[in-house]
Amino acid sequence: MARKITLISLATSLLLASPAVAEIGRVKSSVGPVQIQRGTTQLPVKPGLKLEQGDYIVTGKNGRLGIAFVDDTRFAVGPNSKLKLSKFGYDRTRQTGEFVTEVDRGSLGVVSGKIAKSKQDAMKVRTPTSMLGVRGTKFIVDIR
Amino acid sequence: MAAALLLGGCATSSVTLLADDGSPNSGALAVIEEDGSQTVLNQPMTAGKLTSGETKVRPVKELKPAYQQLVGSLPAAPAHFTLIFLQGTTEVTPASRPVLDLIRREVANRPGAAIEVVGHTDTVGSEEDNDRLSEQRAAQVVRVLVGEGFSEDLLFATGRGEREPKVKTGDNVANEANRRVEVVVR
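Just so you know, the protein sequences line up as chains A and B, in that order. For the first sequence, numbering that gives the first Met the number 0 gives the first residue as 0, with consecutive numbering after it. For the second sequence, numbering that gives the first Met the number 0 gives the first residue as 0, with consecutive numbering after it.
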């Protein structure tokens, strides 16, 4: 049931992703097998790791990851999950921005932050079949 | 029959809306289909199937254990502190000293912590000037915190200008309570 992404398309989208240097959030907790990939680099996953726009996250069986973003958004990534922090732009002074996460499989718990409040559907979660417009809330996405 | 059972056992993708922290209510979430049509979830403990085509919303009696575990593994909400400084200096008031200790403790209790220092001004002066002023103030406080032993790698200075007054005033009103620095620990 899970949508498969081939290595080739993964590599292509990584090449297309614009290299952002701004920190968008930090890893707060990591349990079990968790991989975070930036470009072609596998990052050492541990609390305090600074995340950037475009990072890929993959968790294995029993893998879990907690993230706190700079706009106060919080993520709990569940086991057997695969997602991409596709787009994250945030103006700390105005507390406005845009945040797009693509969830290809697995589960994601979200408490939205300042970006979701800044404008209708400024925060989106893309799933294989749907687009979620987040309007300031707490929710779970489960992609089978 | 066997196929039906198999299908029945294969759960579909879904989104489940929860109550906000410390509230019986929830925010809202829209499921936007490819054709642009939307289904809005706005009641806590409701779920929508994520399949192509129309989204059906149903109530959820109880969160399944896997979801409870997921919610339980969410990082803690940010903690907020306010520092007051002696007029025209970067020296914290004696009353603010214990706040520094609270911040220290909060950071120690949060693996992978980040500290955002947020400057605020009153409404005297232009918005642009206050943006600059508040950021300068925040940057000064970052240096103070580094001097207090906080790692520079954890710190970030932000100026919010006059956008978020503690006390609502008209424009061009001097107000000491609004000239403050907040510290957010995430």
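Keep in mind the hints are simulated off the structure, nothing from the lab. All C-beta atoms in this analysis are idealised placements derived from N, C-alpha and C, irrespective of residue type, glycine included. One or more hints might be untrue.
Ranges between beta-carbon positions, derived for each pair [as the list claims (entries may be wrong)]:
| hint | chain 1 | residue 1 | chain 2 | residue 2 | range |
| --- | --- | --- | --- | --- | --- |
| 1 | A | Gln119 | B | Gln135 | 28 to 38 Å |
| 2 | A | Gly38 | B | Asp170 | 19 to 29 Å |
| 3 | A | Gln36 | B | Gly124 | 43 to 53 Å |
| 4 | B | Ile83 | A | Lys49 | 45 to 55 Å |
| 5 | A | Gln119 | B | Leu85 | 35 to 45 Å |
| 6 | A | Gly38 | B | Asp19 | 31 to 41 Å |
| 7 | A | Lys49 | B | Thr92 | 45 to 55 Å |
| 8 | A | Lys49 | B | Gly169 | 39 to 49 Å |
| 9 | A | Lys49 | B | Arg131 | 40 to 50 Å |
| 10 | A | Gly38 | B | Gly35 | 47 to 57 Å |
Quick list of in silico lysine-lysine cross-link-like pairs, BS3-like style, CA-CA up to 27 Å [claimed, not checked]:
| hint | chain 1 | residue 1 | chain 2 | residue 2 |
| --- | --- | --- | --- | --- |
| 11 | A | Lys123 | B | Lys167 |
| 12 | A | Lys116 | A | Lys60 |
| 13 | B | Lys165 | A | Lys123 |
| 14 | A | Lys60 | B | Lys167 |
| 15 | A | Lys116 | B | Lys48 |
Here is what the structure says about each hint:
1. One distance hint, 28 to 38 Å for the beta-carbon pair Gln119/A and Gln135/B, holds here, with the actual separation near 34 Å.
2. Taking 19 to 29 Å as the suggested C-beta distance range, the pair Gly38/A and Asp170/B does not conform, at roughly 47 Å.
3. For Gln36/A and Gly124/B, the Cβ-Cβ distance of about 46 Å falls inside the hinted range of 43 to 53 Å, so the restraint holds.
4. Distance hint for Ile83/B and Lys49/A: a CB-CB separation of about 30 Å, inconsistent with the stated range 45 to 55 Å.
5. At about 44 Å, the beta-carbon gap between Gln119/A and Leu85/B stays in the expected band of 35 to 45 Å.
6. Range check, Gly38/A to Asp19/B: about 36 Å between beta-carbon atoms, so the 31 to 41 Å window is met.
7. Taking 45 to 55 Å as the suggested C-beta distance range, the pair Lys49/A and Thr92/B does not conform, at roughly 33 Å.
8. The hinted window of 39 to 49 Å between Lys49/A and Gly169/B holds, with their beta carbons roughly 41 Å apart.
9. As the Cβ distance of Lys49/A to Arg131/B is approximately 26 Å, the hint placing it in 40 to 50 Å is violated.
10. For the hinted restraint 47 to 57 Å between Gly38/A and Gly35/B, the CB-CB distance of approximately 34 Å leaves it violated.
11. For the given pair, Lys123/A sits about 33 Å from Lys167/B by alpha-carbon distance, which is inconsistent with the 27 Å threshold.
12. At most 27 Å may separate the alpha-carbon atoms for a hinted pair to count; Lys116/A and Lys60/A exceed this at roughly 34 Å.
13. Distance check on the hinted pair: Lys165/B and Lys123/A sit about 31 Å apart at the alpha-carbon level, beyond 27 Å; violated.
14. Under the criterion of a C-alpha separation no larger than 27 Å, the hint pairing Lys60/A with Lys167/B is inconsistent with the structure, at around 51 Å.
15. A hinted pair counts as satisfied when its Cα atoms are at most 27 Å apart, and Lys116/A with Lys48/B qualifies at roughly 24 Å.
Hints 2, 4, 7, 9, 10, 11, 12, 13 and 14 from the list above are not met by this structure, while the remaining hints are.
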